[in-house]
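Going line by line, the protein sequences match chains A and B.
This note's numbering puts the first residue of the first sequence at 1, with every later residue one more than the last.
This note's numbering puts the first residue of the second sequence at 1001, with every later residue one more than the last.
Honestly, the hints are just simulated from the structure, not real lab data.
Heads up, a few of these hints could be off.
For the chain B half of the interface with chain A, some residues (derived, Cβ under 7 Å), not all of them [said to hold, decoys possible]: (1) Thr-1032; (2) Asp-1035; (3) Leu-1037; (4) Thr-1044; (5) Trp-1060.
Listed next, the stretches of chain A that the computed footprint assigns to chain B, with coverage defined by at least 3 CB atoms under 8 Å from CB atoms of chain B [claimed, not checked]: (6) 265–278; (7) 285–295; (8) 495–504.
Ranges between beta-carbon positions, derived for each pair [claimed, not checked]: (9) His-1024(B) - Glu-126(A): 18 to 24 Å; (10) Leu-128(A) - Arg-1023(B): 21 to 27 Å; (11) Arg-1023(B) - Val-480(A): 32 to 38 Å; (12) Val-1019(B) - Gly-408(A): 51 to 57 Å; (13) Tyr-1075(B) - Glu-489(A): 38 to 44 Å; (14) Glu-531(A) - Val-1019(B): 31 to 37 Å; (15) Asn-1005(B) - Leu-128(A): 31 to 37 Å; (16) Val-1019(B) - Asp-371(A): 51 to 57 Å; (17) His-1024(B) - Glu-491(A): 22 to 28 Å.
We put the beta carbon where it would ideally sit given N, CA and C, even for glycine.
Residue-level listing of the chains:
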Amino acid sequence: MRDYQRIEPAHAFAYQNVFALLESRARLHPDQLFVTSLFQDVEERYTYGEFVRRVAMARSFLRAKGLIRGDAVNLIIQNSADFLILYFAALSLGVVVSPINYNFTAREMSYIVKDSRGRMLFAEEEYLPRVEAIGRELGVAPEVVVLSRNPASGPYPRLSDVLEEHAAAGERLEALAAESSGVELQDRAVIIYTSGTSGYPKGAILTHANLLADAQAIAEWFGWDRSTRTLCILPLFHNNGQVVTLLAPLWAGGSTVMVKGNISLAAFWDLVGRYEANWTSVIPTILSVLLAFKGKRTGHGLRGIVCGGALLPKRVQLDFETTFGVPIFEGYGLTETTSFSCFNPLDVERRTIGSIGLPLPVNEMAILDEDGHLLPPGEVGEICIRGFNVFLEYCNLPERNEKAFRGGWFHSGDYGSRDERGFYYIQGRKDDLIIKGGENIYPREIENVLYGHPKVKDCAVVGVEHRLWGETLVAFVETVDGQPMTAAEVEGFLKNRIADYKLPSECYFLRDLPDLPEIPKGPTKKLLRTELRKYYDAHLRQAARREG
Amino acid sequence: MNAENRRRFEELFIRTMKVDACRHDMKMGALTQWDSLKHVELLTEIDEAFGIQVEPTDLWKMATVQGILDVLAKYVD
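Go ahead and model the full structure; you've got the sequences and the hints to work with.
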């Protein structure tokens, strides 16, 4: 079996680290546009040459702060040129980047700072209250750099102001390339946090080799070249945004347009047209949202849309393609596989709607049974993956690592099958994961917090269908001695303990549901979530729709 | 913006956000339920009710009730 974590000469990578890829592109095409960033009403554009100069200045700043190879930094920054400049500057030094979901509470952010051993934290001014709370929560907080987006009127500088003092570094690009050569392929590059069952997110550590391998695989699968321009609407704290719409076009020598996620959807087609984007990457709910808007644009230059992160309903795919005339390429991957592991073929005629496609050349995929045996086509088992894009390990979770890596394969926790032609199909999750608007949420996390309320005797959270988000959360609560409790009390208790997007949309109390005397459980007291979902569909969905 | 459109928006906002009243100082993030997902839901409802095509540079203004009213005034009235 191939050891993918040991990079052998036979599988030589073209670049020694992620920064070397950027530097190579800048040397070859210094005047070509690389990044356009639209934040609020401010637009910034950087050619490859100009961008690398900015990265060199940021790198000089990070070095002056004492950061060295192996250290970690956390970024609480929205999609923007600032994020990218700090990202590549850190990677060029061998400093690990761990971005933090800006929707998280201070408690969740603190956990990530501590778990990733962040030495410096960069945050936008609007997150200041939570950043200050991180300091209080941790006692010993990392050094914090608060960045503003407004001209220097307030107490915090813009990144461009900070970098001004390091302008000289931008002129020493030759030295920059030479100094970055110490960063190796196997070095840790990023830690991406994904939902965890225990109540805290788990950090997947990705190496420079992981990022380069997956970026190359995606760029080559879709035949991307210097004319490729991606629109990055998915947040950069997730790997889909980072790899598909940043590193893959970088690999191809193309360019990327950074905009702020969900808020930008109402102007999606204007953004595509204005910036001449020809590819983008989305989650299925974005397609549903775009279909929901009245403005139906055709005549744009979008050649294709990459889609993954949750099940893509066939109806949505077909409606979207018919309405907008853009092919959707469904694929599958996880944070643990850097981003995508498989895709439908670029040849539209060879696509199989409803399938997640064929494995990318960068990895192998298999359907295994509970004992790790390979299952034949048509049989359902666990989707397992091994390859250059499979992550190094979970951060500080040895038991979880042992469970995830067995028999040389990474066990995804997703069930699926493959057909005779090698196309893969997703059947569902092995666990209770809920995917709401592309965010993974384990119901156990919310239940664990709810049990801390003195009025709560028993509770259950389930995912139910939502017209835009795929799924949303519904909570069922049994109170101690049947005492009264309100949805506002539940929300008030959960708020500031979990991120807002994890808050249940609806909350029901068993004392108000005479035909549900108790939370349904099996003989071993295992919660029967399917029964609760059926109950919701049969008794509550219609009423919720009327009210909503 | 005219009183009728203002009233239509306020009703839409109350229904979507499930709040008792629509105050002009309400803003995304500060109101618990107004997160980025709910925001898109709100935008789809506005699109359904008013059928406006917002310029990308106007989107960021729509993170407060007052900002939405200003944008609606620009496109609807």
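Here is how each hint holds up against the structure:
1. Thr-1032: 6 Å, holds
2. Asp-1035: 4 Å, holds
3. Leu-1037: Because about 5 Å separates Leu-1037(B) from the closest Cβ in chain A, which is inside the 7 Å limit, the hint holds.
4. Thr-1044: 5 Å, holds
5. Trp-1060: With a minimum Cβ separation of about 4 Å from chain A (threshold 7 Å), the hint on Trp-1060(B) holds.
6. 265–278: holds (count 6)
7. 285–295: It holds: at least three residues are needed, and the region 285–295 of chain A offers 5 whose Cβ sits within less than 8 Å of chain B.
8. 495–504: holds (count 4)
9. His-1024(B) - Glu-126(A): 18 to 24 Å: Hint holds: Cβ distance 20 Å, inside 18 to 24 Å.
10. Leu-128(A) - Arg-1023(B): 21 to 27 Å: Holds, at about 24 Å.
11. Arg-1023(B) - Val-480(A): 32 to 38 Å: 36 Å, holds
12. Val-1019(B) - Gly-408(A): 51 to 57 Å: Once the Cβ atoms are compared, 54 Å apart, the range 51 to 57 Å for Gly-408(A) and Val-1019(B) holds.
13. Tyr-1075(B) - Glu-489(A): 38 to 44 Å: Holds, since Tyr-1075(B) and Glu-489(A) (Cβ atoms, about 40 Å apart) stay within the stated range.
14. Glu-531(A) - Val-1019(B): 31 to 37 Å: 33 Å, holds
15. Asn-1005(B) - Leu-128(A): 31 to 37 Å: The hint (31 to 37 Å, Cβ to Cβ) holds, given that Asn-1005(B) and Leu-128(A) are roughly 36 Å apart.
16. Val-1019(B) - Asp-371(A): 51 to 57 Å: 54 Å, holds
17. His-1024(B) - Glu-491(A): 22 to 28 Å: At roughly 23 Å between Cβ atoms, Glu-491(A) and His-1024(B) fall inside 22 to 28 Å, so the hint holds.
Taken one by one, the earlier hints all hold for this structure without exception.
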